[in-house]
Structures are given as C-alpha cells and as structure tokens.
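K.L.:
Below are the chains, spelled out letter by letter.
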Amino acid sequence: MPKGGFLGEFEQVVLLALARLRDGAYGMAIREEIEARTGREVGIGSVYSALDRMERKGYVASALGDPTPERGGRAKRYYQLELSGLMALRRSDEMIANLQEGLDLDPGMFGR
Amino acid sequence: MIRLPRRRQATPPALARLLIAFLSAGPYRDQQLGDLEEAFLARREADGSDAARRWYWRQVVKSAAPNLAIRTRPPRGAKPRSKQPMETVFQDLRYGIRSLIKNPAFTAVSTVTLALAIGVNTAIFSLVNALVFADLPMNEAETAVIFRNANAQLGIERGSFSFPDFLDFRDQSQSFEGIAAWRGGQWALTNGGEPLRVDGYRVTDNLLDVWRLGTVTGRGFLPGEDQPGAPPVAMLSHGFWIRQYAGREEVVGSQLRLDGREYTVVGVISPEMEFAELAEAEVWLPLDLDRASEVSREQRNLFLTGRLKEGVTGQQAYDEILAIGARLAEEYPATHRGWEPHAFLAEDGLLDSEAKTILLLLVLTVGFVLLIACANVANMLLARASARSREMAVRAALGAGRVRLVRQLLTESFVIAGLSAAIGLGLSRGLMQGLVTISNGREVVFMMAEIDGNVLFFTLIVSLITPLAFGLLPALKTSAEDVGAALKEGSARSGGRKGNRTRGVLVGAQVSLALMLMVVAGLLVRSVIQLEQRELGFDATNILSVRIGLPESKYGDDDARRQFFEQLTERVEGLPGVASVALATVRPVAENAARRSFEIEGQPPVDEADRPTGRTSVVTPEYFDVLGIPTVSGRTFTTNDTDASFEVAVIAQETARRYWPDEDPIGRRFRIGVDETAPWVQIVGVVADTRSSTSDERVQPMIYLPFAQNPLATLVVLARAQRDALALSGAVRNAVWSLDPDQPVDDVRTMEQALYDAEATGYALISLFVAFAVFALCMAAVGIYGVMSYAVSQRASEISIRMALGARAGHVRLMILSHGGKLVVLGAIVGLAGAALLSRLLQSLVFGISTLDPVTFLGVPAILGIIGMLANYVPARRATRIDPMKVLRVE
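Just so you know, the sequences run in chain order A and B. Take the first sequence: its position 74, counted from the start at 1, is 74 in this note's numbering, and no numbers get skipped. Take the second sequence: its position 491, counted from the start at 1, is 491 in this note's numbering, and no numbers get skipped.
Calculated directly from the structure, the hints in this document are not laboratory data. No experiment lies behind these values; they were computed from the predicted model shown. Heads up, the beta-carbon is just placed ideally off N, CA and C, and yes, glycines get one too. Fair warning: there could be bad hints in the mix.
Restraint-style ranges between C-beta atoms, simulated for each label pair [stated by the list, open to error]:
#	chain 1	residue 1	chain 2	residue 2	range
1	B	Pro-13	A	Phe-6	34 to 40 Å
2	B	Thr-72	A	Gly-5	15 to 21 Å
3	B	Arg-212	A	Phe-6	54 to 60 Å
4	B	Val-403	A	Ala-36	35 to 41 Å
5	A	Phe-6	B	Gly-401	36 to 42 Å
My request is simple: use the sequences and hints to build the entire structure.
P.N.:
Below, the structure written as structure tokens:
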C-alpha cells in the first residue's frame, strides 16, 4: 500500500487539468480546461473548493497575481502542482490500472 | 475631448454577483468574482449578452454548495487560536452581563418589554398547544373518527345524533370496525353523607374498545351491558376514583347509589380519557334510552365515534357517512332536511370554525405584539449604538475583528432575550390564571392550557430567534462605525442620520402594527357594547338561582315532581329575606332556552326548515312577577292552569310580531313539534321581550309554558331576595334537604353572576385583545418618543443656529412635530390598510356593527394620533429650550 491518501474523482480531474495548463493555471482557466476536455460544465465554486482542500493537503500551492482591469481590478490566484500532488495523481492512476487489469469492459458482457 | 456615447454593454447580473459575493468564503471571494467577470466578458463577445448572463447565473447556482462547504472548513493554519471557542463565549457572556448591569435602565426596559411579549406569546401558544396538538383521549388516534351532525341553516357545526340515526350508521356503514355512542348525564350520588351531584356519561358497551382504552383496575363494560335488563354496572373516572375514593382498589365491586338506584362498580377508566369536557366526567354508565328517544329522530342527544377498519381511509369513511346521511334525509325529510353528518378523523375535527378563527386571530396578534416589542428593543439598541461608537472604535483599533464585535453585541441581545423568556414563562402562567379567573372557570380550554415540553420548546425557540430579530441590525450598525471618525472628538454624532432613518422605519412599523391591534380590540369592544346595550328585559338584581334536577328513578311520576316543586316553592317563599319565588327551565338570557319548531293552527303544514320556531321555557305563574316582565295583553298563568284544564301558553311580543303579525294572537293555537297527536296549545297572553341569549338575535321569540301542564324534572329556582341574594343560598339548600335529604343542590349563583358567566369566555378573550392593544400603543408611544428625542439631540446644533439666527420657538417646535408626525401618519396609513384586511377575519365575531365600523376606523387612528403627538411633543418642547450659546460653544 503506497503512502498517502487517494484522490477523489473531482480532485483528480482538477489536478489533471492543472497539470495540463502548467503555467497560468488559475480557477477559471482550470474550469475552462475541464469543460473543453470533458464537456462537463462545472461551477467555479466547485473548482475552488477542490483546490482549497488540496492546498491544505499540500498537493498544490498558490500565489496571488496582479489585479487586471477586465477582472474589475481583482487579482488572480495562480496554482501550481506540487510533488506530492503529482504522486497522488500517479497513485490514483495505478489504482485504476490495477483494477482494470485483465478486465474487458465490453458491453457484450450483458449478452446483448 | 468629446466622448461618444457608447451602447451600454451588458454586465454580469447584479443579483447573481451579490449572491456569489455573499456565499463565497473570504479568501476566494475576489478570485471568483474576478474569474467570473473575466469569463463573462469573453463569453459576451463569443455568445452574446443573454447567453453570458445565463451562464453567469448557472455558475453562481452551481457554486453555492461548494462555497458553503469551504466556509465550514476551519481557517487555514496561519493563526492558531488564542482561545477555545467556548472560552470566547464565556468571555462574551461575562462582558455582556457586565455591560447590561452598567446600564440598568436600558436593561430593565428592554427586558420588561420583551418579557411581556414573550409571556403573551407563550400563553397563547399554550392555548394552541392544548387545542391543536392536544393529546387526544383515544389511543391510536390516527384511525379514530368523530361524527358531527352539521346543519348550516341552524348554524350548527358540531351537533349530535338521534338514537335511530346511530343504529342506521352502525348497521349500514362498512368503513368501521365499531361505532360507539355516548351522551351526558347527571346523577345524585347518595352513599351516605351529603348527597352529591355527579356528572358523567352514558356510553355504549364498546366505547373503550373503539378508543383502545383500558382500565386502571377492574374491567370495562361487557358486550350486552348496555342492553335493557342487564344488571346495573358503573365505571369511575380516574380523577373521581382518586378524589372521592383515594384510589382504593376495594371500590371495584362495591355499590354506587345513583338517583336511588344501586350500581356495581366494575372498573376505573384509565386517565387518558380525561380530555376537555370528558375530563369533568366522574361516573360512566351503560347507555340506556327512554322510549321516546329510542324512536324519535328529532331527539339528537348522542355523540358518535368510530374506529376505521384496517385499510379504510378517513376520506372513504367521510364519504360513506355523508352518503348514508343523504339517504336518511331522503327517507325522513321532515326531520332531516338541512342536516349533514360528517365523520372527521379525530385528529382533524376538534375545533369548529369560530374557534379556529379566534385562535388564528390570537396567534396573529401576539405575533404582532412580539414584533412591536422587538422593534422597540432594536430601537433602544440603535440609540445605544451611537453612545457606544467610541467603545467599539477603541476595540476595533485594538484589533477586534468585525465578526468578533458583532458576536459580542449579539451575545448581549441573547442575554436579554434569555432573561425575558424566563420572566415571560412566569408571566404566561399568571396570564392563564387571569384568564381562568376572568372566565370564572367556565372555559375548559383555559384550564387545559399548561406549560409542557412543547411550550417550553416554543419559548426556547422564541428566545433564540428574537435576539436575531432585534439585535442583528443594531449590532451590524454599531460595529460598522468608522474607526478613525469615531475616535475623533466632536464627530461622535456622525453617521447618525442613516441610523435615525432605520429607527424611523421601525417606529413607523410599530405604529402600523399597533393600529391593527387597536382596531381588532376596538371592533370587539364595540361589538360587546352593542350586545350589552340590548334591553335585558327583566330585573336581574337580588335574584338567587339554584338548579334542581330530580332523579328520574325517584320522581318518575308527573305528580311527584309537581308536588316536590310546589312544596319547595312554598318553603323557599317562607324563608326570611325572600320576597318571591318562581321556577323556570332556564335562567333567562344567561342560558339558552330550547329552540323548538311549532305548527300554527289553520296554516298549511310546511317543511321543517321553514317551520316557525320559538325558544321555550317552562315556568311557574309567579315567574313574570318575580323577574318583573310586564304583561302586554291578555293574562299570564294562574293556578287555574292545571293538567286538567286545556293547554295554554304565554308568548313574547317578538313571537307575536313574527308569527301573528296582523292579528291578536290571544286565543290562537299552535302545536309544538311534529307530532300530530300532540294537543293544541292556546295563547292566553303576551308579555314583554327579553334579550336574546345568543348574539345573533336582537330579542328572542319566547314561548312560555306553565309548569303545571309540563312537569319537567330539572328546573331553576329563582328567588328574589329583599337584600343580599347570595346570603340566601344556605337557607335554600336546607329547604331542599328538608324535603328530600338525598337531593343534590348545585349550581347556586345569583342571576347577575349567571349573566356574567354566560359571557365570561368572551370577556376573557376581549380583555386579552384590549391588553395587547394597550401594550402595542404604549410601545409605539415609547418608540416615537425615543426616536424624536434622539433626533432633537442630534439636531441640537442645527436648532441652535436657527434660534441664534432668530427662528421662533413655535417654528422650531413645528419643525420637530412635523418630522414625528410624518412617521405617525405614514405608519397609520399602512396600519389602516392592514386593519381593513385583518378585520375580515372578525366577520363571525363582530355583532351589531360592520367589520369596517367607521367609529373604530376613525376613532383608533385619532387616539393613536393624539398619543403619538404627545410622545412627539415632549422632545419638540425640549428642542426649543436648547440654549444656543451653550451648544455652539461646545462645537
């Protein structure tokens, strides 16, 4: 059993989006990335909720950027993936892979 | 440079933005607002404004729950807490209590205000609790059904049933596992000692089964024990068993002598049965019926209850009973027209519509009282807010966060509310006692209301909600003071104008609510005055009234009853201090005489609903003299009217006016009831009217029948005393016992007392409404006074300058008065509109006047205006006494 906890499904989604964006990952960018890749419209609040949780666990780190006018003078908070976050992603991947090994998810299983 | 006007671009929906700002937690608020704004602009370019706005809304809605989730997480690591949360609470409490002690006047006034309001709310809730959430007398109440016989034409909602109807329901219905019947009874208990009048019920043998009740000791009635010829048995109520027999087991199996007949006690009913009127029962006997009521469908004196079969719904049973009722009405149109049997689930059918209206009205008005009290305390807190602005500023400057300050201030409010709730609980007990006293113990409901777990819970909730209602706004305002400004000398009064506007709105609301309460009270009082102003029609002073009910078993014979009452009249007449004596079936006006329909000789027979009706009272010849009811024409009864002579009657003027309008009624004949073999009764005289015992008629169409020809078993002795009527009661009792030592004598009251008792519940309720209105008026006056005083102190420098520049005192006074006057007038206008709506509820409670009675609707605002202006005048006068030089020097 590897050390550290497992990610929730949505946490995994957010972390993967974050990893894809590399630099310039902030709340709305992550949200848009998820929507673009998966077609799933998620609420901005959900994204921040997950990020807040994972920041507490040390999976991600954040820093405030500069305020810009198109944001009504509000600052962005940029996020980046930490090593422990990366490890957590890998653990989740392995877990899924292990579970799927030798499994054929063909709808034919139902005899239809 | 000239800027070209640009087309206004759509912005994110303001409400959605406000919502997300409100819901999101501090560290992410700016990020989310910024992210959303940015994405919104991008989307507006790509998809257009509408789509972007829709998207924004979707985002806000989807983000609500996760944002709240973030808030529940403890704040991130940065600062470890210096105190445990509980410690902070205790610190707040200590500080709050200290600051309340430092301001005893504020503390006392706000606590008393709230305690009164919470007290009345608790009292009214305990009434609601007793009635609406009552512990019903039966077990498994969800499948128990209560039958009610309704007749819209006669205004009866909760009527009873005849014996043949009961049998029809029992035999024809399929919905019930059993239907039981009961009717009230009274007996003389003569097991040695003074004869005792006991109340109770006669019931079918299955009542305990239907209600799933058991016995404390012994057994219930066995099947067949309600049949004629069965050995006489009795059950005792739990209360009577404890009171009379100290709960001794040996009572079971012993003999009970009721009305001279021996009954074997077989058991004691479990105490659950003691509910509302049933609680007054002492003895339970098997149902027995006299011959007449066994066949007559007109004698409706049975109450019915049933137990649903498994799987049958309340609605099915209701429909079935209604259908059987319709069949009966078809079969017996003469006696059943207009009657409709309703089978309600026991849980639904306890209150009639009038009781529901009164309850609703009470709940509304006490709610208003609480709101007014909250507004008042909030007002006082707002006034304190400006006084405490420096304290708050210092604390904020020393590092107290706003949340911390609000919490501190709210804690004070909770302390006030907690204290008030404790006092209020005590007050509510006192109030209920007061109601019992005013209603002279004649209203079961007032006695049923007690402080139980539900009531305590209610008070607790009220004491938790009220501080938020009155404390939150002032707390937010107090803590929002600008630190720098507040600390600077001389600007301590800054920011007050806005505060004063809030206070003005609160006072306006108080005025509105007070006006509504006053209108309700005004309408009810006016209505009582209308009812009381009706001519009584007789002289009620110095009359003692005593009810005597002769047991059927001992006085089954007409002559025996005649003889007893004739002898009793003689003996009472012979008592020193007694001027004259009469007998009657009911106390005039104080009690309802039986309403009977009759047939006028020579007129074609009509349906029951259209038959003439009158209220009948059986009286002795002296009745009219004793009460001082003048004869209008013909004669009253004499000793010559006996069972041997033809049947006679005396009618009231109203009866003559209604049914013999254009002729002399004397010599005319009529026949009471629908029985065609009954003899015709001849009218021999017309007497003056007496006031109606009900509120819907002005005078009653009375029909008096002579006792000699109608020897009833239960009569009221009316003895006119030379001086103090009540002093006669002992002598009258002894006179009865000298004739029959086993005869119970109870219900001894003066006529004046009886007249009061008849209206006692109404008086108690009206006292409540009046008390609420007075309380509301005082609160509103205090509110106006407080706000105007504050306004004057705030405008002191302005007034000083005006006066220094030569403004006259009258002018200044008028300026202040018109400011306060505006509050009163605006509040009154809103209040009048509310009152007009509220008065619709009073439709069934108001008599003799319209619910939009102009006297009330003009008088109440006038009173309120005068009181309001008085409360306004004192500060206005003070304003003109300001010494301009003093004020301006300080500035």
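K.L.:
Would you mind marking each hint as holding or not holding in the structure?
P.N.:
Results for each hint:
1. Pro-13/B to Phe-6/A: 34 to 40 Å: holds, 39 Å
2. Thr-72/B to Gly-5/A: 15 to 21 Å: At 20 Å between Cβs, range holds.
3. Arg-212/B to Phe-6/A: 54 to 60 Å: holds, 56 Å
4. Val-403/B to Ala-36/A: 35 to 41 Å: Roughly 40 Å apart at Cβ, these two residues keep to the hinted range, so it holds.
5. Phe-6/A to Gly-401/B: 36 to 42 Å: Once the Cβ atoms are compared, 37 Å apart, the range 36 to 42 Å for Gly-401/B and Phe-6/A holds.
Of the numbered hints listed earlier, not one is contradicted by the structure.
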